[in-house]
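*Asks:* Okay, here's what each chain looks like letter by letter:
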Amino acid sequence: MSKVFIALQTNDDTRSIIQAILADNPHAIANEQPAMVKIDAEGSLVVRRSSIEELIGRDFDLQELHINLISLTGHVDETDDELTLSWNT
Amino acid sequence: MDMKVSKKKLGLKEKYQHMTRGLGWETTYQSMDEVFPYAKYEGIKIHDWDKWEDPFRLTMDSYWKYQAEKERKFYAIIDAHAQNNGHLSVTDARYINAVKLFLNGISPLEYMAHRGFAHAGRQFPGVGPRVACLMQSLDEIRHAQTQIHSLSNYNKYYNGFHEYRHMLERVWYLSVPRSFFDDAITAGPFEFMVAIGFSFEYVLTNLLFVPFVSGAAYNGDMGTMTFGFSAQSDEARHMTLGLEVIKFILEQDPDNLPIVQQWIDKWTWRGYRVLTLVGMMMDYMLPKRIMSWKEAWEVYFEENGGALFKDLARYGIRPPKWLDQIEKDKDHISHQAWAVFYNYAAACNFHTWIPTDDEMDWLSQKYPNSFDKYYRPRLEFWREEAKKGNRFYNKTLPMLCQTCQIPMLFTEPGDPTQICYREVDYKDNKYHFCSDGCKEIFEHEPEKYIQSWLPVHQIYQGNCFNEGVDPTAEGFDPLAAVLDYYHLNFGRDNLDFEGSEDQKNFDAWRGMATKNT
Ligand SMILES: [Fe+2]
Ligand SMILES: [Fe+2]
Chain A
59 MSKVFIALQT NDDTRSIIQA ILADNPHAIA NEQPAMVKID AEGSLVVRRS
109 SIEELIGRDF DLQELHINLI SLTGHVDETD DELTLSWNT
Chain B
-17 MDMKVSKKKL GLKEKYQHMT RGLGWETTYQ SMDEVFPYAK YEGIKIHDWD
33 KWEDPFRLTM DSYWKYQAEK ERKFYAIIDA HAQNNGHLSV TDARYINAVK
83 LFLNGISPLE YMAHRGFAHA GRQFPGVGPR VACLMQSLDE IRHAQTQIHS
133 LSNYNKYYNG FHEYRHMLER VWYLSVPRSF FDDAITAGPF EFMVAIGFSF
183 EYVLTNLLFV PFVSGAAYNG DMGTMTFGFS AQSDEARHMT LGLEVIKFIL
233 EQDPDNLPIV QQWIDKWTWR GYRVLTLVGM MMDYMLPKRI MSWKEAWEVY
283 FEENGGALFK DLARYGIRPP KWLDQIEKDK DHISHQAWAV FYNYAAACNF
333 HTWIPTDDEM DWLSQKYPNS FDKYYRPRLE FWREEAKKGN RFYNKTLPML
383 CQTCQIPMLF TEPGDPTQIC YREVDYKDNK YHFCSDGCKE IFEHEPEKYI
433 QSWLPVHQIY QGNCFNEGVD PTAEGFDPLA AVLDYYHLNF GRDNLDFEGS
483 EDQKNFDAWR GMATKNT
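For the record, the sequence lines run as chains A and B.
Numbered by this note's numbering, the letters in the first sequence go through residues 59 to 147 in order.
Numbered by this note's numbering, the letters in the second sequence go through residues -17 to 499 in order.
Calculated directly from the structure, the hints in this document are not laboratory data.
Treat the hints loosely; a few may be bogus.
[To be verified] Lysine-lysine pairs mimicking DSBU-like chemistry, simulated, CA-CA at most 30 Å apart:
{"#": "1", "chain 1": "B", "residue 1": "K486", "chain 2": "A", "residue 2": "K96"}
{"#": "2", "chain 1": "B", "residue 1": "K310", "chain 2": "A", "residue 2": "K61"}
{"#": "3", "chain 1": "A", "residue 1": "K61", "chain 2": "B", "residue 2": "K348"}
{"#": "4", "chain 1": "B", "residue 1": "K270", "chain 2": "A", "residue 2": "K96"}
It should be emphasised that the depicted structure is a prediction, and the values quoted were computed from it without experimental measurement.
Full structure from sequences and hints, please.
*Replies:* Structure, rendered in C-alpha cells:
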C-alpha cells in the first residue's frame, strides 16, 4: 500500500484540524517538523468537516483548509463534507 | 481566524459546474481551431474537454476570499518582521546567502510561471483547465510579489539583493533556472502543463519548498518562512492540477501516452538538475540543518514519487528515465555544486565558506558513503590553503552543458572521481553535455537547444562587457569587466563570507541589539 500525506502549518487554526484528522484516521501518523506537521497515512486519509466543527464549535467550510495547507499527495476528492486523499494501488 | 461560513444555496459540485463549465461556448464567427491555434500541433488528442475534473472545485468567489485571507496573514507577519529587526534573529549571517540565492534564482521563476499559466490557460479550448490555469497564474504573480516584498527587507541591510532582475539575464549560474523556465514556456501548452504543472509542481516542488522553508523557520527567518508557506498553501492546488492534467490527457486517447512519457522523462530530468541548487542550499547554506538533501530526496521523491508512478502505471506510464543515475547521485550532487561555487565565488552575488567542523561532522553522518571519502579532505585542504593566504578564486570559465547550462561538475554515475562528459556533433558543431539525460534531451530537439544563450560562450564572444569596453586594451581584466556588466560589486557582493561587509555589519548590529553600547 502506498502512503498519502497532508502537511499543514503549525498554528492555532490547525490545532483542531490536526486533532480531528488524527481521530478520524487511526492509522495516520503525525510528524512534527519546524513550523509544520506532516500527517502520513497508508492507502488513504479523510478530512471530515463534522469532526472539525465539533472541535472548534463553529461552522467550517472545508475549503478553509487551503489557508494553512502546505502540501499533499494522492488523488483528491472533495465534497461539502469530506476531503479524501487516496492512491489506486 | 474566525471565518463566516455562509449557508450554501448550491452544493460544491453544482456550484463548480455552473461557475466554470457553464461559462464556455463553441465559437461560430471563427472556428474553434482558429481561436485556439496551439491546441493541436503537439499531437495531443482531446475528444471531450468536459471530462476534465477539478477535485477542489474552487470557484473565483471562494478563490478571492481565501487568497485575501492569506495576504492579510502574510503582510501582518512581514510587517512584524521588519518592525522587529527580524533580520537580526537569524541563526548566523551566512544564512542570508541562502535567501539571496532564492531571490535571484527562484523568485523570477514565479513570475515566469505566472506568464506561462496565463498563456497555457488562454490556449486550452476547455473551460475547466482554463479556470484552473487562470487561478494558478494569479497565484504565481502573488508568489513573485510576496517574495520580493519580503526579501526587500534584507536588501536594506545586506549585499547581493540589489539587482536580481538585471542579473537574472546575465549572471552565469542564473542561466540555469532561467533557461529551465524559458524552455518550458516556449513549448506548447500541453508540454508546459506536463513540464511545470506535473513534473515540477507535483514531482519536485515539495523538495524546494517544504524542507527549505521549514529550514528557514528553524533558522529564525520569519520572513522567508511566511512567504514560503503562503506560496506553499497554493501549491496543494497546483499539484492537484498537475496530476489532473496527466490523468485527463492519458484518458482522452491512447496515442497521447508516448508523447506524455517523453515529456515526463525530459522534465523530471530538467527539474532535477535545477534542484541541485536547492540541495546545496540545504546541505551547506542553512546553519541549522533540518534534513539533508538526500533525506529530502528519499521522502519527497522516492517515497511520494514512487507511489505516484505506481498509481500511474495503469495508464501505461513508467517512472521517469535515468532514475538509476539519480539514485547514485544523491550522495554527491550537493557537495559537488558547493565546491564549484566555492571555486567561482569571485563571480557570485553571494558569499561562500568552508563548513565548520561541526557542520562537516553532520555531513559525514548524513552522507556516510561519500562525504569523508571524497569531499571532506578537499574542503579541509581548501581551508588550510586559505589559512596560509592561498585562497584560490578560479577565474577561468567552465565548460557548460548545452541543455541544463550547469558547469560540467557532475561525475560519472558510479565513479565520483571522474567528471562526466558527453558530446554530440550536429551541423558542423560539437555540443557538450553533463549527462546522458541532457544529451538525449538535446538529440530530441536539437534546433531548440542550439539556440541556448550560454553565459560562458557569450563572455568569450565579447557579449558580456559594457558598451565601450575594449577587450584588446593593455591590462584588460576580463573578470572585472564581466562583473561590471553584471552590476556586481567586487569585494562587497562576492568572495568569502569571512571578512565580508555582511559579516561585519551583522555582528555590529546584533551587538547593538543585545547590548547598550
Ligand atoms: Fe509558485
Ligand atoms: Fe546537463
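*Asks:* Would you mind confirming whether the straight-line C-alpha gap from K310/B to K61/A stays at or under 30 Å?
*Replies:* holds, 24 Å
*Asks:* Hey, K486/B versus K96/A, does the alpha-carbon distance stay inside 30 Å?
*Replies:* violated, 38 Å
*Asks:* Is the straight-line distance between the alpha-carbon of K61/A and that of K348/B 30 Å or less?
*Replies:* holds, 24 Å
*Asks:* Check whether the Cα positions of K270/B and K96/A lie no farther apart than 30 Å.
*Replies:* At roughly 20 Å apart (the allowed maximum being 30 Å), K96/A and K270/B satisfy the hint.
Checked against the numbered hints above, the structure breaks only hint 1 and satisfies the rest.
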